[in-house]
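Protein chains in written order, with my numbering: chain A, 1 to 108; chain B, 1 to 278.
Think of the hints as simulated: they come from the structure by calculation, not from any bench. Yeah, the Cβ is synthetic: ideal placement off N, Cα and C, and Gly gets one too. Hints are not guaranteed to be accurate.
To give an idea of the chain B side of the interface with chain A (calculated C-beta under 7 Å), a few residues [unchecked claim]:
| no. | residue |
| --- | --- |
| 1 | S67 |
| 2 | V89 |
| 3 | V206 |
| 4 | I221 |
| 5 | A226 |
| 6 | I261 |
| 7 | A262 |
| 8 | A265 |
| 9 | L266 |
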Amino acid sequence: MEQDRRLDRYVSGVLHAGMILSISVLALGLLMFVLSPGVETSIPLDRLPEELMHLSPVAVIDLGILLLILTPLARVLAAAAIFAAQRELRFVLASLAVLAAIALAIVL
Amino acid sequence: MDLLLTVGVLLAAAFAGIIGSMFGLGGGIIIIPVLTLGLGIDMKDAIGASLIGVIASSTGAASRYVSEGLVNIRLGMILEPATTLGSIVGAFLAIYLEQNVLALVFAAVLVYSAFYMYRRPEVTVHARRESFCQYLDACYVDQRTGDMVEYRVRNLRRGLLASFAAGNMSGMLGVGGGIVKVPAMNVWMGVPMRAATATSNFMIGVTAVAGAAVLYVNGLIPPVLAATVALGVFAGANIGPRLIRHTAGRTMRRYFALVLIAISALMVLEALGLTGGA
Numbered sequence: 001m002e003q004d005r006r007l008d009r010y011v012s013g014v015l016h017a018g019m020i021l022s023i024s025v026l027a028l029g030l031l032m033f034v035l036s037p038g039v040e041t042s043i044p045l046d047r048l049p050e051e052l053m054h055l056s057p058v059a060v061i062d063l064g065i066l067l068l069i070l071t072p073l074a075r076v077l078a079a080a081a082i083f084a085a086q087r088e089l090r091f092v093l094a095s096l097a098v099l100a101a102i103a104l105a106i107v108l
Numbered sequence: 001m002d003l004l005l006t007v008g009v010l011l012a013a014a015f016a017g018i019i020g021s022m023f024g025l026g027g028g029i030i031i032i033p034v035l036t037l038g039l040g041i042d043m044k045d046a047i048g049a050s051l052i053g054v055i056a057s058s059t060g061a062a063s064r065y066v067s068e069g070l071v072n073i074r075l076g077m078i079l080e081p082a083t084t085l086g087s088i089v090g091a092f093l094a095i096y097l098e099q100n101v102l103a104l105v106f107a108a109v110l111v112y113s114a115f116y117m118y119r120r121p122e123v124t125v126h127a128r129r130e131s132f133c134q135y136l137d138a139c140y141v142d143q144r145t146g147d148m149v150e151y152r153v154r155n156l157r158r159g160l161l162a163s164f165a166a167g168n169m170s171g172m173l174g175v176g177g178g179i180v181k182v183p184a185m186n187v188w189m190g191v192p193m194r195a196a197t198a199t200s201n202f203m204i205g206v207t208a209v210a211g212a213a214v215l216y217v218n219g220l221i222p223p224v225l226a227a228t229v230a231l232g233v234f235a236g237a238n239i240g241p242r243l244i245r246h247t248a249g250r251t252m253r254r255y256f257a258l259v260l261i262a263i264s265a266l267m268v269l270e271a272l273g274l275t276g277g278a
């Protein structure tokens, strides 16, 4: 039985990249916070870009959390792309179902 | 957050990350009781931070397990719509149900699972074949022996039901639900233990995202606490897979049963702590 190494490589790559990226941003944000502590409340998404421009530590941390949340979603998309290329439609549908469900949850 | 608390959180998170990445769990069921009962953190904050920790644990562990070929990606992604839906339903139900009652119910389920897993031997066969399951057949190389292990996946419907229940658990309690997924995959679906835990690690990131995303856009994830938990868990999740690299599936099942019992005890404590403290 052949292993599907291409799928494994892409998915593992996306997860690894997401991990490195979010660890870096989170660590940076925490370091900034230690150096200039402030209020620990999270920043609303619409205010995030502005706060990031002002180099607010909590904003950097919030960005890191956002990146972490987006990583599994990026994985679903990457896998869906490969399934689509390999014409494995059941799995493309499953992937879309997951994304739709999460979008629904946010909206509700 | 003061220094002592930060160190406590980091250690708890690292421990949860190690155990979680070894046994297919997100670590949430360890993190939440430790944060709330051990470190006196508010339950609402603990849940938000825990879900972020589960995503970290899943991402860290799965990036390694996928590259090792242990994860049955197709199986995981077929089960994910069920867990995501379960998570949404669970979150809604949680509004109407008492947290401590939920914790007790799940603790009972876990004890039942523990005995079931401990007593039933692993059965990797070619039993009833649902045609769809043939697409989920997979294989992996056992690192301990260097052999290729092939297996057929069966009982997809039961697996979907279990995934939905695992999602419920995630939405209600802020955990990953892996504690239900691993036995379901291993005992019902014929997935060998090492592949079951790896696939569970892979899946729970997505399960947790539904809850985490909702909390995040509503500003309910405490940034400093969640970041600290995430970093601790990432560290643990990179250590765990190395620790069990050469452990046999049979041994894993025994350890897992013990983990199940320990966690149900933790959940009972949590339930009592909630009634006592509230």
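Now for the hints, and whether the structure bears them out:
1. S67: Where the cut-off is 7 Å and the nearest Cβ of chain A is about 4 Å from S67 (chain B), the hint holds.
2. V89: violated (10 Å)
3. V206: holds (5 Å)
4. I221: holds (6 Å)
5. A226: holds (6 Å)
6. I261: Violated - the Cβ of I261 (chain B) stays beyond 7 Å from chain A, reaching only about 30 Å at its closest.
7. A262: With Cβ-Cβ at 27 Å, over 7 Å, it is violated.
8. A265: Constraint on A265 (chain B) not satisfied, violated at 30 Å.
9. L266: violated (25 Å)
Checked against the numbered hints above, the structure breaks hints 2, 6, 7, 8, 9 and satisfies the rest.
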